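Q: What follows is the residue order along each chain.
Protein chains: 2
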Amino acid sequence: MTGSELTNVKSPRVKAARRLTKRAFREQDRRFLAEGPQAVREALKLDGVPLDLFTTAEAELRHPELITEATLKGVPVHRASGEVIAELTQTVTPQGLVAVCRHVHVPLDALDEAVAEPRLVAVLAHVRDPGNAGTVMRAADAAGADAVIFTDASVDPYNGKCVRASAGSLFHLPVVIGAPVAAAVRQLKERGLRVLAADGAGKHTLDDVDLAGPTAWIFGNEAWGLPEEILAEADDVVRVPIYGQAESLNLATAAAVCLYSSARAQRVP
Amino acid sequence: MTGSELTNVKSPRVKAARRLTKRAFREQDRRFLAEGPQAVREALKLDGVPLDLFTTAEAELRHPELITEATLKGVPVHRASGEVIAELTQTVTPQGLVAVCRHVHVPLDALDEAVAEPRLVAVLAHVRDPGNAGTVMRAADAAGADAVIFTDASVDPYNGKCVRASAGSLFHLPVVIGAPVAAAVRQLKERGLRVLAADGAGKHTLDDVDLAGPTAWIFGNEAWGLPEEILAEADDVVRVPIYGQAESLNLATAAAVCLYSSARAQRVP
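Chains A and B, in that order, give the protein sequences.
Everything in the first sequence is counted per the numbering used here, starting at 1 for the first residue and increasing by one.
Everything in the second sequence is counted per the numbering used here, starting at 1001 for the first residue and increasing by one.
Treat the hints as calculated values from the structure; they're not laboratory data.
Bear in mind that the values here come from a model prediction, so they are computed numbers and not experimental data.
All C-beta atoms in this analysis are idealised placements derived from N, C-alpha and C, irrespective of residue type, glycine included.
Don't take each hint at face value.
[What the hints assert, rightly or not] Chain B residues, not near chain A, derived (Cβ > 12 Å throughout): (1) 1051; (2) 1180; (3) 1203; (4) 1235.
[Claimed, not checked] Footprint (simulated), chain B over chain A, 3 or more residues, beta carbon under 8 Å: (5) 126-139; (6) 142-152; (7) 164-170; (8) 235-247; (9) 260-268.
Modelling step: build the complete structure from the supplied sequences, incorporating the hints.
A: What follows is the structure, given as structure tokens:
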């Protein structure tokens, strides 16, 4: 524990962390905030990623193992008031733990090195809702994906809501940020992946396509799906079949269904 | 269009609608609010369900077909100010259309009559987050489920956030509210459905179980899953396999993966 409890939201240390709630400053500082015990626990597993940990006295009592872990790893722990923690989070009921982390993403051209033989990759193109994006990262991780790529027109994965919705998955698998769609698709094809665009206008349904081989899925915008030029770049456009009266699925649930269909086809004979 | 524009949030008509933002009044009046063009469109397909439609001048211009439809069906249309609409909705950016609807759910003991041969049913037990519950309804509808059952400890499906997340599906399939879990499970078993509890502690994974027959899925609470007594009532406890490092899936994405696995197994040879 360093020094006395931080109670002044205008103190330099708090201000330096608080600016990370804004995308421009996250990019400038190459840092972001991970909030809540789950995210902090996963961040602490990566050496050099958590740079500072802010905690309330209450959270310290509730999660002593995280404080111990941070201390062992040489991450400075700062006791802070609830008010200070609230300044750093966008949640209605903050859980009293916030870690300042350094960026963890990899550049698109380093992905080849980061993943030897990719078999399942999720690409988020024009996904704008941070909750959806985080939920897709979590589903991709659960389905055993090798990487997640955020294209240049997508939400910032370091957005607080996105980090929270990812439930730690942001720290689990290689994440690429800001890749131009065309470059990402070209690279994935070169690596031998079949690139499938998930879109309600697809000619084929999930049930008609063979998903046993290495596959990259492209997921589009919540409201208007994927633009023509991306549909054209894909090897195939595939829709989740709708058996009832619903017009469509929510983006994150559709992505989970696609990714798990691939995971199953790649594993179950 | 009836009368002049409603601008007073304290007018009796607005107050009568506004009280429906509270669960106790929804139950007392047996009415609820459906917000946005998609929900209003689906509500208008059911005779006698929409009782009043509030619209801003802007929304009227954007969705003239809905105003025409309401008028043809004898649903009174009330022009209202943006401020009045904002009073009736909990959205950050209301879309200017709110319908007062009568309840559409069916009692548990009327479900047998409503659905001749159920093959896929979703049961929400202790689901508390309205967004999750609505997303599960939408996924169940998309997967061709025959009914959705909210047990007595679950969120109110008429909650504004839940109606919105269901994207119209609340109006598409029979929804049971407030059923005791044990009674629901008994009835589903009597109808010949295999009752599967979706839980991370399941012995079997989705890939190990034969889902071709009539199936009811029970989904539990976001944080703590399903209680022992429900796990004991189920024919089997099944987990979505986790192939990566994620601890679990978000409730709604897990539900979508389970429901689509059933839908596929029941259709694809």
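Q: Does each hint hold? Answer for all of them.
A: Status of each hint after checking the structure:
| no. | hint | verdict |
| --- | --- | --- |
| 1 | 1051 | holds (22 Å) |
| 2 | 1180 | holds (26 Å) |
| 3 | 1203 | holds (17 Å) |
| 4 | 1235 | holds (22 Å) |
| 5 | 126-139 | holds (count 3) |
| 6 | 142-152 | holds (count 4) |
| 7 | 164-170 | holds (count 4) |
| 8 | 235-247 | holds (count 8) |
| 9 | 260-268 | holds (count 6) |
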